[in-house]
Every structure is written in C-alpha cells, then in structure tokens.
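**Q** So you can see what is in the structure, the chains are spelled out below.
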Amino acid sequence: MATLPVESQKTAQIRFTLNGEELDVFFSPYKTLLEVLREDLGHTGTKHGCELGECGACAVLLDGKPVLSCLVLALECGGRQVLTVEGLSGDGKLHPLQDAFADLGAAQCGYCTPGILVTAKALLDANPHPDRDQIREALSGNLCRCTGYLQIFEAVEAAMVKIAEKGKEAH
Amino acid sequence: MADQKEPCESRAEDSRSNREHLRVIGVPRRRVDGRAKVTGQTRFADDLFLPRMAHCKLLRSPHPHARILKIDASRALARPGVYLVLTGKDLPIQYGILPVSQDEQALCLDHVRHVGDPVAAVVAREELTAFEALDLIDVDYEILTTIADSEEALATPEPRIHEYGEEGNIHKQVALEFGNVEQGFAEADEIFEDTFFYQGNTHLPIEQHASVAIKDPDGKLTIWSSTQTPHYLHRALAKVLEMPAAHIRVIATPNGGGFGGKSDPFNHEIVVAKAALMLDRPVKICLTREEVFYCHRGRHPVLMKFKTGVKKDGTITGVHLQTLIDGGAYGSYGVASTYYAGALQTTTYHIPRYRYQGCRTFTNKPPCGPKRGHGTPQPRFGQEVQLDKIAEKLQRDPADLRLHIVEMPNTVTANFLRLGTVNLAECIRRLVKVSDWKNKFRKLPEGHGVGLACSAYLTGAGLPIYWNKMPHSGVQLKFDRGGGVTIFCGATEIGQGSDDVLAGIVAEVLGIDPFDIRLFTGDTDLGPVDLGSYSSRVTLMAGNAALQAAERGKTLLAEAVALKLDVPKERLCFADKRVFDSSAPDKGVGFAEAVCLAEARFGTIGTVGSYTPPKSPALYKGGGVGPSPTYSYSAAVVEVEVNPITGWVHVPKVWIAHDIGRALNPTLVRGQVEGSVYMGLGEALMEEQEFRRLPKRLSHALVHKFPSMLEYKSPTSLDMPEVVTELIEDPDPRGPFGAKEVGQGPLLPIMPAVANAVYDAVGVRIDEVPITPEKIMTALAEKKAGRKPRFGPDHFPRVNWPEALRVPPPWEGGDGSAVNDVHREKPRAAKERVLAP
Chain A
1 MATLPVESQK TAQIRFTLNG EELDVFFSPY KTLLEVLRED LGHTGTKHGC ELGECGACAV
61 LLDGKPVLSC LVLALECGGR QVLTVEGLSG DGKLHPLQDA FADLGAAQCG YCTPGILVTA
121 KALLDANPHP DRDQIREALS GNLCRCTGYL QIFEAVEAAM VKIAEKGKEA H
Chain B
1001 MADQKEPCES RAEDSRSNRE HLRVIGVPRR RVDGRAKVTG QTRFADDLFL PRMAHCKLLR
1061 SPHPHARILK IDASRALARP GVYLVLTGKD LPIQYGILPV SQDEQALCLD HVRHVGDPVA
1121 AVVAREELTA FEALDLIDVD YEILTTIADS EEALATPEPR IHEYGEEGNI HKQVALEFGN
1181 VEQGFAEADE IFEDTFFYQG NTHLPIEQHA SVAIKDPDGK LTIWSSTQTP HYLHRALAKV
1241 LEMPAAHIRV IATPNGGGFG GKSDPFNHEI VVAKAALMLD RPVKICLTRE EVFYCHRGRH
1301 PVLMKFKTGV KKDGTITGVH LQTLIDGGAY GSYGVASTYY AGALQTTTYH IPRYRYQGCR
1361 TFTNKPPCGP KRGHGTPQPR FGQEVQLDKI AEKLQRDPAD LRLHIVEMPN TVTANFLRLG
1421 TVNLAECIRR LVKVSDWKNK FRKLPEGHGV GLACSAYLTG AGLPIYWNKM PHSGVQLKFD
1481 RGGGVTIFCG ATEIGQGSDD VLAGIVAEVL GIDPFDIRLF TGDTDLGPVD LGSYSSRVTL
1541 MAGNAALQAA ERGKTLLAEA VALKLDVPKE RLCFADKRVF DSSAPDKGVG FAEAVCLAEA
1601 RFGTIGTVGS YTPPKSPALY KGGGVGPSPT YSYSAAVVEV EVNPITGWVH VPKVWIAHDI
1661 GRALNPTLVR GQVEGSVYMG LGEALMEEQE FRRLPKRLSH ALVHKFPSML EYKSPTSLDM
1721 PEVVTELIED PDPRGPFGAK EVGQGPLLPI MPAVANAVYD AVGVRIDEVP ITPEKIMTAL
1781 AEKKAGRKPR FGPDHFPRVN WPEALRVPPP WEGGDGSAVN DVHREKPRAA KERVLAP
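Read top to bottom, the protein sequences are chains A and B. Residue numbering for the first sequence is 1 to 171, as defined by our numbering. Residue numbering for the second sequence is 1001 to 1837, as defined by our numbering.
No wet-lab data here; the hints were simulated from the structure. All residues carry an ideal CB built from backbone N, CA and C; glycine is no exception. Hints are not guaranteed to be accurate.
Computed spacing ranges between beta-carbons, pair by pair [stated by the list, open to error]: (1) A:Leu73 <-> B:His1795: 48 to 58 Å; (2) B:Tyr1164 <-> A:Arg132: 51 to 61 Å; (3) B:Tyr1164 <-> A:Gln81: 57 to 67 Å.
Next up, chain A with everything else stripped away, as it sits in the complex (with noise of 0.2 Å):
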C-alpha cells in the first residue's frame, strides 16, 4: 500500500443523486464532479474545454442550478441532485430543447451543446417565458465557437413554447 500514489487511491465516498438515481460513489479525494462524472461514472456526455471556470462546456445542474462541473469537488455533492445531459431524456423520447436544438442548427461540432443544454433547462424551469436578451443573458457563460449564438437563441425559444403547449394540453 506504500508505494500506491496518493492520486490512485479511491479514499472518498458520496450516495448523491444523479438524473434521477441515487447511486454511491468511490474516488479519489481531489477529484471535481466533473471528473467524477465522466471518469468514475462513464457519464461522458458532460465535456470539458478548460477546466477553468472559463467556457461552460461543463455546465451540469446542482440541485437545480447550473454549476461549472470543474470547479465543483465531487466531495461536496454528496446528499445533492445532479442532472446532466444525460438525464435531459426521458421516456425514450428528446426533452424539447434537444429536439429543437437538434432541428435548427443550434448544435454543429455538438461540443459546447450538453452545458447550453442543461443551461438553458435551468432558464426556461426558472423563468418560462424568457425574452431574447434573457436567453443571451444566461447563456453568455457558455462559450460556442461554431453557431455564432443566433440558432441557439431561436432554439431555446422554441422549445420555450413547445413546452408552454405541453403544459396548457397538461392542463
């Protein structure tokens, strides 16, 4: 066990919940969510472009709220919710932002897409009906270098009224 380094050794454990399934967790203690996710967990659909706090491809949802999974330790998520975009689906069926995005070209390289995503759920769930400038607002932390932004913006605006309409049919 001596000669084992430090960085090999799976000292640390959290139970957390994540899109929707409490599961337990072994890893190395320096370990960011992100790295716990895509590394201990296999869950690569979260990326990375610095890990730095610096492009927001990492962007996952901590308990509702969109964090930079890079700057997160995994050690502080234990007890808590994590949705990324793995868990966006369900039912075998896209959420609508997916297929809007998937739709009007809002995701090319698909690189910087699972943080926009997960950023843009967090929006629409905050605040249903955002206007243009709500959209760019939140989003302005998410770096993509392909879009150019504009059919990311008329994707999340409409998803924002496909789900309005599930939810006056829901009603």
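Position chain B against the provided structure of chain A, taking the given hints into account.
**A** Leaving out everything else, chain B in the frame of chain A:
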C-alpha cells in the same frame, strides 16, 4: 399521396438543375448526426475510456529558444505509477504536414524553438501521476537568442531557428509577377500605397486536442484522435514509427471544433501511438487549454503593403502586394500560407497586372498555420480597406465602385486561376438593398457607421498536399436487402456537417430518407481516402464522389426494377423510398425490394465514386496554391456604433450575402454563415495571439500573453449582433447539385467591413486588426490634434526579394508558365520518391 407521385427526373443532369423536384437537397432539416449531438452521445476522443488505459503528459520547454544539453528522467521513472518516459531519441524521424517542410520532431532531440515545444513524455497509470512526474525530469538547456517577430528575424540571421529555408531565419520567399505592373502604374490616374498589419489569432476550439492509441490484438496500431486530416496523420505515423501504413488505423473522432487547428499531424498523436506500441496498453492524452494555445497553428501575423493603381472610374490597372509573415517556430502549412497570402487577390475584381512578394520568417513562437480562410483574410483585409479609401478619394460609393470592377464568371485571372460561377455583383446588389446602404453610408449620425467589404474563397484546394495523381475523395456505398444504405468515406466531421452532406446527396439520388443511411467516416481502415476537412473541400469533393457512387447504384437498381416492371429504365423515378414508373406512379416497388431485385440480378450491390479536381492552367512554380474547382463569393455590410469616449465598438447588425451555388441543407448553411460572421467579429475586434516577455529576473522568456479562454477574448452570446443572411443560389455545374463552399468564405469580408464602418462612424482609419478601443482612441487623438486620423503600421521593412517569376497573363498571350523559370533541380520522378512515405 397523389401530390407525392408527380413525375420526377431520373437523370442527374436534370435533377441538378431542377430544384422543384428535389426532396432532400435544399430543404432545411435536422442533420443526420443531430440526435447524437444533443444527447451528449457524440463520442469525442477524450470520451474514450478503455480498459487498462494509461495517461500521457508532455514536458514542454520553458525557453523560447535553447539547445538541449542533457535530459535525465531517472527520478521520474522511479516514481510509483509511472510506466514510461520517452524523449527525442525514441522518435528521431522528422515529419511535418508539407513534404517541403518536414521540420518537426515528436519530442525535440536537441533544439527547442518555442515555449511549449515538447521535450519528453511521461506515461503513467493516472493522469495526475504523469503530470507530477514531469517535474522530476531534469533538463539542461543552453539558452539561445530569442527571435520574437518577423522584423527581428530579418535582422537576426543567427542563430538559425532551422537549418533549412531561404537563408538566416527566412523560411520562404515568393516573388511572382503577372504582367508588367510598373506599366500598369504608369497607366493609372491615381496610385494608392497603404500598409496594414493583421495580428495573429487562434482557433480556440472548445474541445481540447485529445488522442487515444492502442496496440490491436494482432499487433497493429489504432489511434482515435481529434484530427481534421486522418489521411495525413496516417502518413506521418507510418513515416515516424517506421511501420507499414497498412498496419495503422487512424480514426478521426468527431472534432469539437477545428477551424484549421487540428489539420497538422501533432507531436502528441505520435507520442501516444509510440507509447501504446511499447506498453501494449491503451494510452491517452488530452491537452490542457494552455497547451492548446501553444499548439496553435493559427492565423499568421502579417505585415503587408499594397500599391494599387486605378483609373478615375475605379478600374484597377495594377496591384503590387508585399507581405511579411510571422511563421512561428515550424513550417506547418506555412509555405502554402505564404502563397495563399498572394493567390486569391485576383479573384474578386479584375486585376490586369499583379505582382506578389511574400516572405515568411521563423520566430520563437508557436507555429502558425491554417485558420479558417487560410492565408487569405489578412491580404483581403488590406485590399478591401484600401478599396474603401480609393472609393472615397474618387468620390464613388464603395458599393458602386466594386460593382464596376467585379470579375466575370468563367474567366482565367492574371495568375491563372480559373473561376467558376461569380455572383459577387448580385451579392453586392442584394446587400445594398436589404441593408438600406444608400440611406446609411456617410449619412448616419456621428458615432454610427456602416462598412462594406467583399471576398472570395476556394471550394477545395485544387492540389493535394503531397504530389499524386489519385482522387481527392472516394466514397463506397453498400446496399442492404433491408433497404438501408451505408456510406463509407474518409471525410471528417468537424461540426460543419460533412456526414450530413454525404447522407443528403445519397438520399436525394436514391429517393430515400437521410435517416435510412448509416455512415462510417473519418476512418482510414473503413473508408476510401478523403484528404480531410480543410480548404472548404468536403461538400464539393466528397459530395461529388458520393453523387457518383449513388448514381452508379441507382443505375443498377433501375436496370433490375425496369426488368421486373417491364418499364423503360429511363422512366423510373426514385422517390419516397420507392422506385416507380413516372408515367404510372402506382406501378413500382419499395426501395428495399429494388435492392433485392438488383442483388438477385447482379450479386452483392456495392458501388464506388471518386472525385479529382480539374487540371489548373497555372503551370508556374507556386501555381499549385490557389486553384480550386470553383470559388464562393461573399459580401458583407457591418453596422457599428463607436463610443468616442471609450473607443468601444458595438456591432448591432450585420448583413451578409453569400454566393453558395446551392444550399444543400439551408439550416446548416445558415449556421456556417453566422458562425463565420461571429468568428470574423472576434478577429476584427478582440482576438489576438499576443506574446510578452517574462520579467528579466525570471527567465525573460517569450510567453503567450494570455493562454486562457478568460483572457483571450472571444465574442460571447452578449456580443453577437443580429445577422441577415442572403444566400445567392446559382448552381455551379462543378458542385454536387450546384453547391459551392460556405465554411470559410463568409468570414473574410467581416474584418474589413468593420474597419470601413469604424471610419464611416468616427472618421479614423484603423489599418490594423484587431480594432481595439485603445487603437480607436489613439487615432481619435491624432484626429483631434490635426494629424493623420489613422492607426496602423507606417513602414514595411527592406526585404531582399528574389527575382520574380514572370508569368504573362492570359490576355498577354501567357500559357500559364513563367518566361524566366529556372530549371527544376530534381526531376519529377525523383521528387515523387522523396515524398513517398
């Protein structure tokens, strides 16, 4: 149903010109890989986690220029968890993207040329172990003089950064003259001389470069990598690893953005391949963001001088362009970049006589290479800003002036580029209308302005990177009894939608749904060669290959179905997943049955298609850079608001017109245009790959000023203006269904349009990119003081130019070759042997 059964054309020639009968092409739709991207299931290189996988980190030089005297890795090797340390001795063979500049080593043997040059690699069980072990490698360096920019390189021939090149630290010089330019100037009513500087900038893909290599169970090598050019990586690996190419498989994973930055074979790719072979276990590397900045291969900083002669009506009589290009530490694509900086100037307006002199220097900075627009945005900026000055002096509206001088379609230019369709005039006219140009230009209140600029770009490089006569792109199709079709092609998906282009074209020809198609792309084992996602070549070249393969499959199916239905095969229509008689639409079979009929008749159904560009009329040395099957054209109007107190530039709106031939999937086309506008605004206003010296008490090393995404400013969602996109669709017969490129061209007019708009707004010329608030404030202060209201370079240094190759233009009876060319040193056959892997 009835309206779906209208007669359709079965011949490709007709379907190419008959838009109303197209069911997939031209219809905005979800891209075939859309679902994977929005569910996070697109598997990028760093998303691969393989059993027993080890991790690699590179030790990089902290010095911009030094000799390596000694490397001692014993302490690193002794660290628990470390499997392997590699140094330059393990990978001594040189490589590089261009055959003429094989000047890189995977790990530097004895000479480091920029901060970040790799000198050793550590492979360990954990990434963190590898990272920490880097500190345990002891390297003794002998510091050499740092050469920080092109002018220093000209003035400092010793120490040489490389032992090859023209002389001293000059890497490449180009001198070409098409017609007697001095005579052109003599015929001019006005001569304009301007110097411009275009700062370097970088691609900034959100995905950091990553690679995973394994030794296959049968002893061969497989590497997954974020590369835009799997075929060229394949060749470089075979060379450096001294392995048969047949034993190497390169899989280009979808790139999380490329923009040209993943087009070179990279040291980290070669290192993990070597390590995987030695350790017989998977080895992964993922660069940090800081390393991506030092990997670079981005936009060259270019100082340029334009001398242009014009008649009173704006007709150009001659152009002389000089460029001084800061290449950084390695060749990369630099020789091509040096030619490109002069090649496309002739494609937009008629230039009867043209002289180009270009000089690329080596400096101790990360190597520059191809970024979106490769070599052409810098001179386009100068040309279009100068044209704005010319229009003002001649008291002509800049739009009218340009309309007066636009080049004609299907012409051969002074430097022997054969143009295809040219709809630049239509682009300008459309823009003038939709932007309300005539009521805005020189008419908006102080601080508000509009600027116009134009450009052209290749639809695929006419020549491959290494000399060969083979096709540039190949496609294989497999037809399944269940009605599915599988596409195999080397084309590489970098987000631009290359998979969707292939699927859309095949689906259109065969009358099936794009989602009925499976794609295996970017894999050197599975698909025929496609040269890569660069030079805006995929839509035209891979697209034409796919079109040919699909037409051939259609012919087989039609023959079998015609026999079954007893209908002439010319009357058959492929649409809505059926093959039917166009005169009696009820008479037909399903597509799956058509495949079965064909398989019963001909055996297993598989077809191939390939594409080779037409031969260029440019026969002179250097004429290989610039030719393309056809060129796209763009024009943009940018509106700005300039705050005179802060110099801050706000862009509320951009109008852009793009001559695309035909939009295969308008949703993706719009995305390429808007993405280009976005990236162009970044280059115009904020992005710069800038360097600084560390303090003397430290190492005084030349380091990247801000290798982070926070400080390397790029536009955010808050900065993006409204964009009005006008597509000019005039199908070009050279493109599949008439399509031309859209990935790069629309970026090019943005930077000069911004500069011209700033002048319209506040009356100062910023002859330099990026146009920062500081530069505007400086120029405004000059204006206030009654001096020249301008910010920009005021001199172009003396360069010892070689004698120009003189090529008479077509209208002077030229045949495309130089009249004073020196005899080639090596006969072609010998050259080919040198270039073989």
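**Q** Please go over all the hints and tell whether each is borne out by the structure.
**A** Evaluated hints:
1. A:Leu73 <-> B:His1795: 48 to 58 Å: At roughly 55 Å between Cβ atoms, His1795 (chain B) and Leu73 (chain A) fall inside 48 to 58 Å, so the hint holds.
2. B:Tyr1164 <-> A:Arg132: 51 to 61 Å: holds (55 Å)
3. B:Tyr1164 <-> A:Gln81: 57 to 67 Å: holds (60 Å)
Violation of the numbered hints given earlier is absent; every hint is satisfied by the structure.
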